[in-house]
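We have chain F already, so just place chain E on it with the hints.
As given, the protein sequences belong to chains F and E, one line each in that order. Reading the first sequence from the start, the letters are residues 1 to 234 in full-length UniProt numbering. Reading the second sequence from the start, the letters are residues 1 to 217 in full-length UniProt numbering.
Since the hints were derived computationally from the structure, they do not count as laboratory data. From the three backbone atoms N, C-alpha and C, an ideal C-beta is built for every residue, glycine too. Hints may be right or wrong, so weigh each one.
[Claimed, not checked] Far from chain E, by Cβ distances over 10 Å, these chain F residues were calculated:
# : residue
1 : Val19
2 : Leu85
3 : Val185
[Unchecked claim] Label pairs and their in silico Cβ distance ranges:
# : chain 1 : residue 1 : chain 2 : residue 2 : range
4 : F       : Ser42     : E       : Ser155    : 25 to 33 Å
5 : E       : Val42     : F       : Val189    : 47 to 55 Å
6 : F       : Glu2      : E       : Ser130    : 50 to 58 Å
7 : E       : Arg214    : F       : Val205    : 32 to 40 Å
8 : F       : Ser42     : E       : Glu60     : 32 to 40 Å
[Stated by the list, open to error] Derived contacts from chain E toward chain F, CB cut-off under 8 Å, selection only:
#  : residue
9  : Trp56
10 : Asn151
11 : Thr190
12 : Ala192
13 : Gly193
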Amino acid sequence: MENLPRIVAVLLDGVPETVIAAAGGILLTILLAFSAGLALLSEHRLLRAISRTYVEFFRGTSEVVQLFWIYFVLPVLVGIQLLPLFAGVVVLGLNHGAYGAEIVRGAVSSVPKAQVEGAKALSFSPRDIRWRVVMPQAVLEMLPSFNNLFIQLLKSTAILSFIVVSEVTERGVQVLVPNFGDDIVLIFVLMLLIYLVLAVLITAVMRWLERIGARRLGRRPSASARTAAVAAAH
Amino acid sequence: MGWDWNYAIAILPEMLGALRVTIEITLLGSLVALVLGLVIAVVRRARIPVVDQLLWAFVEFVRSTPLLVQVFFLFFVLPRFGIVLGAFAVGVIALGVHYATYTSEVYRAGIDAVPRGQWEAAAALSLPQSRVWTGVILPQAVPRVLPALGNYVISMFKEVPLLLGIGVVEVVNKAKELSSETFRPIEPYTIAGLLFLALSLPASILVRRLERRRAAV
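So here's chain F without its partners, still in its complex pose (with noise of 0.2 Å):
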């Protein structure tokens, strides 16, 4: 226990690494999630071919495969060595906006055709209809699996140990476990607590978002938030 203050230190040296790469992954997972899963809408047969071939092909393979293919494998075939905390960005972004871009393309179908046929009777162009009416609907039906998503991608973070990133996972294995043999548990209890704590962040962050979009949208509060409140009357 007396090593507490140490691990502590070790350990929280390697959050900003994880953290960017959650932070990064997010990002261009958001990108790529509606670029892809509104491609996949298309009227364009070459523009779904290619949404659905990035799609299959991402979900298909295993997320240390990707990493590897593009930390050692592309600098051999193009020349590129990328930074491994870049490269792990990279990874993280394409594997999950693959996934995204179904969360995309399932909300975007799920708004009630009604709603179109019903901006169409304001004479609505068709630009407004996309952004004004479908979309944020669209958008608050995502973000639930988005969250789920999100914290997936910040579980992932910690294959970056395999390429050497400073980030939580790879401080706790390569600098901890070989020094502070006697505290393993510890360091893995804390090293867990680390991932758990960012976790339930994001959930905070996506559920303050649900909130809003809600509140924006003039719905209601959810089914659950309802019987909630019902039972807290009784």
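Using the frame of chain F, we list chain E on its own:
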């Protein structure tokens, strides 16, 4: 340095051998996940005070933290308690327990979807509790969730390479070994990727077909 077919063909047998290890771990891990997940779901259904809260906390904790860290945890910590297992066994347990927390939620959804009347009818017939589960509830709940369970088996297959961290020679670790022996990374890693595609694409198509058939019923 381009693609060398001779080299690719030469390493194929070794890569396939490593694929076999990957598949074995997936199957054994799935067995653990499918059985343990069901046990968690059924026990949680009984809502035993304290046990229920502990199980909830365990499931949430395991689901919210990286599988790789859990793998290292078991690998380094179990021997401290006198449990000495090989990397293969640790991998099976880590994958199995991690995915059990996912499958327990899937089973729970399936059990919740069984109409109340089925429980009431079983109670009215005063069936013993074990018969209620094995004869009435599970035969209706499990087929419903088969596609979701299938998807988790496919996900697990793709997460087996995490075990290279503890020295299991699965597909990616084999590729790593080969490329450091020969200094040719292109062929081993590309073959590794293709092997994953070759198995997980048909498997996903199968699950999607199963899903559609369930939806049609």
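Legend entry - Distance restraint evaluation - Glu2(F), Ser130(E), Cβ atoms, bounds 50 to 58 Å: 52 Å Cβ-Cβ, so the 50 to 58 Å window holds.
Inset, instruction - Against chain F, run the beta carbon of Thr190(E) and see if the smallest gap drops under 8 Å. - result: 7 Å, holds
Inset, instruction - So, Ala192(E) near chain F? Judge it on the closest CB pair being under 8 Å. - result: It holds, given that the least Cβ distance between Ala192(E) and chain F is near 5 Å, below 8 Å.
Inset, instruction - Confirm or reject the statement that Leu85(F) sits farther than 10 Å, beta carbon to beta carbon, from all of chain E. - result: Fine: 17 Å to the nearest Cβ keeps Leu85(F) off the interface.
Legend entry - chain F contact restraint for Asn151(E) - C-beta distance below 8 Å: 10 Å, violated
Legend entry - Verdict for Arg214(E), Val205(F) (Cβ pair) under range 32 to 40 Å: 35 Å, holds
Inset, instruction - Go ahead and decide if the range 32 to 40 Å is satisfied by the Cβ distance of Ser42(F) to Glu60(E). - result: 39 Å, holds
Legend entry - Cut-off 8 Å, beta-carbon criterion: hint that Trp56(E) touches chain F: 14 Å, violated
Legend entry - Range agreement (Cβ of Ser155(E) with Cβ of Ser42(F), hint 25 to 33 Å): 28 Å, holds
Legend entry - Whether Val19(F) stays farther than 10 Å from all C-beta atoms of chain E, as the label says: For Val19(F), whose nearest Cβ neighbour in chain E is about 14 Å away, the distance exceeds 10 Å, so it holds.
Legend entry - Check on Val185(F) being off the interface with chain E, judged by Cβ distance over 10 Å: Violated, since 6 Å does not exceed 10 Å.
Legend entry - chain F contact restraint for Gly193(E) - C-beta distance below 8 Å: Cβ of Gly193(E) sits 5 Å from chain F, so the hint holds.
Going through the hint list in order, the structure does not satisfy hints 3, 5, 9, 10.
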